[in-house]
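K.L.:
Produce the complete structure using the sequences and hints provided.
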Amino acid sequence: MDDFNSETDSDYTSYWRDWFISSRGNEYFCEIDEEYLTDRFNLTGLNTEVQYYQHALDLVTDVFDFDCDDDMREAIEKSARHLYGLVHARYIVTTRGLAKMLEKFKKSDFGKCPRVLCEAQPLLPMGQSDVANTSPVKLYCARCEDLYNPKSSRHAIIDGAYFGTSFHNILFQVYPAMLPPKSQRRYEPRVFGFRVHAAASLARWQADEREKMKERLRVARIETGFEDEDEEDEDDLGEEDEEMELADAFESAVVQH
Amino acid sequence: MSSSSQVTESWISSFCGLLGHEYFAEVSEDFIEDDFNLTGLQSQVPMYKEALEMILDVEPEDDEDEEEEEEEDEDDDEILGDEKPSGYRRANDRRHLRIASDLSVIESSAELLYGLIHQRYITSRPGIQQMAEKYELQHFGTCPRVYCNSCKVLPVGLNDSPGHDTVKLFCPSCLDVYTPPNSRFQTVDGAFFGTTFGSLFFMTFSDLDIGGSRNSSTGAADALLAIQAAQQEVKNRRDATPAHITSINGVAPHNLAPGLGPGNIYEPRIYGFRVSERARSGPRMKWLRMRPADITELDETRRYWEEREEDGDRPDDDDLNMVDVQEGKADRRKKIVGRRRRANASGNGGGSPMDTNGVGGVG
Ligand SMILES: [Zn+2]
Ligand SMILES: [Zn+2]
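Protein chains in written order, with full-length UniProt numbering: chain R, 1 to 257; chain C, 1 to 363.
Quick caveat, the hints were computed from the structure, so don't treat them as lab data.
Possibly wrong hints are sitting among the right ones.
[Claimed, not checked] Listed below are the simulated DSSO-like cross-link pairs for lysine-lysine, each with C-alpha atoms no more than 30 Å apart in a straight line:
1. K49(C) with K112(R)
2. K286(C) with K107(R)
3. K286(C) with K212(R)
4. K151(R) with K286(C)
5. K106(R) with K151(R)
6. K214(R) with K286(C)
Values in this document were obtained by computation on a predicted structure and should not be read as measured data.
P.N.:
Laid out in structure tokens, this is it:
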């Protein structure tokens, strides 16, 4: 990453946060409001998490005025990036932060799901831990509800704690209209046109689990959210019988041809 | 560099060396020269003969050219330098004209033909072996799914006829398909790899440990979580599946979708609390990544027979499709394969849609 160097920025129009979010590799971050950053309440507890906390905060808020050597400057830079990330995790679950991340999500700034059957569903960044330096950022697909590694190594090294474990789930709670329809379609491994038995039997078992879940939801009168329910019911399970035993499912598959 | 012909790269190796063609194996000339391997391709490829000649780096052979060559041989003794009889020059020019006008057509036909031959080659013994070497060297990359632990993937097609879909990557750990990470592969036709190769590969090399590396985490807390998850996983898997079971439906238990099941399913949480299935934004897709703790649950054949034998009410043989297990492994009974009701919607029309029992059933 390029270092931010205010000395070369003669006109000071490029503030630290502008520089940070427009740096290559930082595409997942949104810009944190000045107001949010300057409200000490929002930063509670971070002074013990970040080295040279006050200098780092000054740098992030463009009031840095400390004469120091390059090594010190570099150390403060590093702390400033870490501080920004930690505040970012808090900011993106606020109303304004969520709205900013939603816009980025709509533009597919976080990439698209690599799973073929998710049909380029936009992803959201997430962390598997809220503790810094635990694991790098992952991408969540709301269509298959699974986690993927970022394609670019620039993104794969970002700390997952800068996004946290809750943000992506909160976003869909706050904006349920953004939830993609779920799909029951799946890849069927084949050899010379024939389904591979081991994979097909696992798929039937999984379909059975899915139907059990759907039945639980029906009983609770909750929408299942699947786009292609009816088709697949007939295709995979034969009759509309709920809670089919595996052997029965197999029997119906055998007999009803 | 004793001879210029050795320096010139063959059409096949230059094709495979192109950017975006990294997934291709180099089909051996022996394979292409065996007419049996090309059965039926003539009707699928325009300018088939010219395309085949281009692939094999053979000069076009029509009557005129043959005459020419004879002429040339005779002339060699008499003429030195560039000067050649006018007859030769005319024929040569004519050929160049033809090549100039048709070259791009022949070139794209050659690529199509090579791709279709390639689809067949990589399911042949030498071809699948060559792909195994590429697989080991991770030429096809790894699964992007976090819980697959960088399991190595294979290029596959979703269709066997060209022009439908671009090449995809099949992960044996989650049994799913993914778009290649680099856009340069989005111009490669999936039919050049075909629908059979991916699964046939893992049936052929059933001893490969497909689990992927188990050390994706870096931090201490994550490592601890990983250890706990691994212990849980071992507990869930090894304990629940009887130890003497070495193969279920033709696959070793540890190789049946190792990236799925307990410990490998994302659990959505908000501030540490699980998001309920009953929430509107709650999880609905866990089934896609599930796997029974005791995978003998998946032995439908055995379960089926156990029940049928007791009540003696089994369907007529006419309703069943019997497939022998040729290698007579653990199970000497005849395997019964259910005819599935769906006439494969996404498929290629390759035979009746029924399951196969591993390599034994496929031959
Ligand atoms: Zn997805
Ligand atoms: Zn996978």
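K.L.:
Now tell me, hint by hint, if it's right for this structure.
P.N.:
Hint by hint, here is what the structure shows:
{"no.": "1", "hint": "K49(C) with K112(R)", "result": "violated, 42 Å"}
{"no.": "2", "hint": "K286(C) with K107(R)", "result": "holds, 27 Å"}
{"no.": "3", "hint": "K286(C) with K212(R)", "result": "holds, 12 Å"}
{"no.": "4", "hint": "K151(R) with K286(C)", "result": "holds, 24 Å"}
{"no.": "5", "hint": "K106(R) with K151(R)", "result": "holds, 19 Å"}
{"no.": "6", "hint": "K214(R) with K286(C)", "result": "holds, 12 Å"}
Violated hints amount to a single one, hint 1; each of the other numbered hints is respected by the structure.
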